[in-house]
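Take the sequence shown: its letters are residues -15 to 449, numbered as in this note's numbering.
Just so you know, these hints were derived from the structure itself, not from any lab.
Do not take every clue at face value.
As the list claims (entries may be wrong) - Label-pair distances were calculated between CB atoms; the ranges are: (1) Ala318 / Leu75: 27 to 37 Å; (2) Lys112 / Gly218: 32 to 42 Å; (3) Arg214 / Asn153: 57 to 67 Å; (4) Val232 / Phe23: 33 to 43 Å; (5) Val156 / Leu393: 22 to 32 Å; (6) Thr77 / Phe23: 26 to 36 Å; (7) Asn72 / Phe216: 54 to 64 Å; (8) Phe400 / Ile221: 18 to 28 Å; (9) Leu75 / Phe412: 30 to 40 Å; (10) Ile228 / Leu75: 36 to 46 Å; (11) Phe412 / His391: 52 to 62 Å; (12) Glu158 / Gly222: 45 to 55 Å; (13) Ile228 / Ala304: 19 to 29 Å.
As the list claims (entries may be wrong) - Distance condition first, Cα-Cα at most 30 Å in a straight line; then the derived DSS-like pairs of lysine-lysine: (14) Lys112 / Lys217; (15) Lys426 / Lys282; (16) Lys260 / Lys217; (17) Lys112 / Lys282; (18) Lys286 / Lys112; (19) Lys217 / Lys286; (20) Lys112 / Lys426; (21) Lys217 / Lys282; (22) Lys217 / Lys284; (23) Lys284 / Lys112.
Cβ coordinates follow ideal geometry from the N, Cα and C atoms, glycine included.
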Amino acid sequence: MQAIEKMQNMKGCGNDNGNLDEPDMLFEVSRNEQILLAFSAVSNGRKILHCGPAPSESLTCVHGLRFLSLAWVIMVHTYLQVFSIAENKMLRTLTERNFMFQTVSNATFSVDTFFFISGLLVTYLYYKTTNKKTTRSSRISNTEIFIRLTPAYMVVLLMAEVSSRWLRNNSVFEPENNNHISCADYWWRNMLYINSLYPRNEMCMLWSWYMSNDTQFYVLAVILLLVSARHFKGAVIGLVAFLIGSWVVTIFVAVHYNFRARIEEPFGLFDQLYDKPWSRLGPYLFGMFAGWFLFVTKCKVKMSFLTVVLGWSMSLFSLAYLVYGLHVVHLDLAGSALYASVGHSAWGAALAWIVIACCTGHGGCVNSALSCRLLQPLSRLTYCAYLVHPIIMTMTNFQMDGPLHLHNLITMILYFGNAVASFLLSFFISLTFEAPVVNLLKIMLSPPQVKKTSMEKNSSELQDS
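Work out the full structure, taking the sequences as your base and the hints as a guide.
Spelled out as C-alpha cells, the structure:
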C-alpha cells in the first residue's frame, strides 16, 4: 500500500501542455513496490494511451504504418467473412472483377508490412542499446520482445477455442475453422511458434501464422545481429544468403505445384506458399537493413531533390503495381513464381525507402500523417487487435439467424464496427496481460536495488518496441 500512497501524493503526471511526459517528482521504489505497480491499471493505461512528443531519433512513422496495416487486415477479413455467409454469392464474382477490390484481393502484403517493421525495430533498437549499454542490457531488451507476445496470445487462443465450441452448438452457420478441435489438440504448436509449418486444417487460430513466422524471423535476426558484433561482413553475407535462398525455395515450390497468381485465388497454395516462412522472409530482412542504415546515419541523410523524387516515385509505383498489377497483367508460370518470391521482398524494399525518407526529413506530408501523435496509442494496440479481431467478427456475424445480403455499404459498416470493437477489446487485453508481463520482466531482469525512478519513466518505450 505504500507504493499506492506514494502515487496518490504525486502532484501529477502531465505537463502544462497536457502531455503525459515524465512527472515533476521522483520517489524511491523498492522491488516489491515495483512488482505491485506493474499491475496498476492506471499506470499501464497511461503508458498505452500516452501520445506525447517522441524522443529524438524515434521512428515515429512506424506508428502510422502499423495502424494502417492492421486496418487493412481487418477490412480484408471482414469481406471474407461476409462472403462466407452471404446469400447472393454470385455478386462476389462481379465484386472481385472491380479494380479497387484488388485492395482486398492482394492484401497479403499488409502482413509483409508487419514483418518489415519487426525487422526494422529489432535491428535499430539492438544497435542503439549495444551502443549505449552493456551486452547484457541488449539481451534483456531482446528477451522482453520475445516473452511479451505469449501471455496475451495464449489468452486469445483460449477465447478462440471456447467461442468456436459455442458457435458449433448455437450458430445456424458452419464456421470454416475448427478451432474447437485444433486448439485443444495443437495449442502447443502455437506456444512454440511453429504452427505455420503445419497444414491449415491442423492450425489453431489460422491467422496466427503471422506470429509464428515473426518469431522464427526474430530468432534468425538475433543470430545475425550477434554475429555482426564481431564479424559484420559475415553477418551481411548471411543476410544476403538467406534472402536469395528464400527466393530460390519459393520459386522451386511455385513451379513444383504449378502456381498461378490470380486475383480469383488470393490464397492459392496456402499450405505450400502463403503462410510459409521461406516466402515471407524478404520484408523482414529489408527491415533489418533499414534499421541498420538509420542507426549508422543517425537518421541524418542529405539527398538531392532529384533523388527524393525518384525514390518516392519508384517506391509508390512498386507498391501500387504489387497490389493492383494482377488486374491488368496475367502472369504465366514463370511470372507467377517470380511474383510469389520477389514480390514480398519488393514490398519490403519500397517500405524501406518510405521509412528512411520519413526518418531523415524527406517524408513531407506522408511523414506528418504517419507520425501523427493520435496514432501512437492505436499503434501500441495493433498486436492484441490483430489477435482478437477474427474472434469478434466471427461471434458477431455467426450469431445472425440467416444469411446476409452482400453489399459493399453493409460490408463497410461491419468493417468499421469490427475495427472499433477490436481496438476496444485489445486495450483491455493489453492492460491486463501484456503490459504487466512486460513490466515484471523489466523488474526481474534489472539489478535488485532500491532506486529513484519516475512513475511514468519511459512510458511508451516498451509498448512502442
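Each hint, compared with the structure:
Range check, Ala318 to Leu75: about 34 Å between beta-carbon atoms, so the 27 to 37 Å window is met. Remark: the range hint 32 to 42 Å for Lys112 to Gly218 is contradicted by a beta-carbon distance near 22 Å. Take Arg214 and Asn153: their Cβ atoms lie about 58 Å apart, and the range 57 to 67 Å holds. Roughly 49 Å separates the CB atoms of Val232 and Phe23, a value that falls outside the hinted 33 to 43 Å.
Distance hint for Val156 and Leu393: a CB-CB separation of about 24 Å, consistent with the stated range 22 to 32 Å. In this structure the hint that Thr77 and Phe23 lie 26 to 36 Å apart at CB is violated, the actual value being about 52 Å. The hinted window of 54 to 64 Å between Asn72 and Phe216 holds, with their beta carbons roughly 59 Å apart. At about 47 Å, the CB distance of Phe400 to Ile221 disagrees with the hint of 18 to 28 Å.
Our hint of 30 to 40 Å for Leu75 and Phe412 holds, since their Cβ atoms are close to 37 Å apart. Our hint of 36 to 46 Å for Ile228 and Leu75 holds, since their Cβ atoms are close to 43 Å apart. For the pair Phe412 and His391, the supplied restraint of 52 to 62 Å is violated, since their beta-carbon distance comes to about 32 Å. At roughly 47 Å, the beta-carbon separation of Glu158 and Gly222 lies within the given 45 to 55 Å, and the hint holds.
Here the CB-CB span from Ile228 to Ala304 is close to 26 Å, well matched to the stated 19 to 29 Å. A C-alpha spacing of about 19 Å is found between Lys112 and Lys217, which places the hinted pair at or below 30 Å, so the restraint holds. About 27 Å separates the Cα atoms of Lys426 and Lys282, which keeps this hinted pair within 30 Å; it holds. For a cut-off of 30 Å, the pair hint linking Lys260 to Lys217 stands: about 28 Å separates their Cα positions.
For the hint pairing Lys112 with Lys282, the CA-to-CA distance comes to about 10 Å; that is within 30 Å, so the pair holds. With a CA separation close to 21 Å, the supplied pair Lys286 and Lys112 stays within the 30 Å bound. For the hint linking Lys217 to Lys286, the alpha-carbon distance of about 26 Å falls within 30 Å, and the restraint holds. With a C-alpha separation of about 18 Å, the suggested pairing of Lys112 with Lys426 holds against the 30 Å cut-off.
The straight-line distance between the Cα atoms of Lys217 and Lys282 is roughly 21 Å, inside the 30 Å bound, and the hint therefore holds. The suggested pairing of Lys217 with Lys284 holds, with an alpha-carbon distance near 24 Å, which does not exceed 30 Å. A hinted pair counts as satisfied when its Cα atoms are at most 30 Å apart, and Lys284 with Lys112 qualifies at roughly 15 Å.
The structure fails hints 2, 4, 6, 8 and 11 (numbered hints given earlier, in ascending order).
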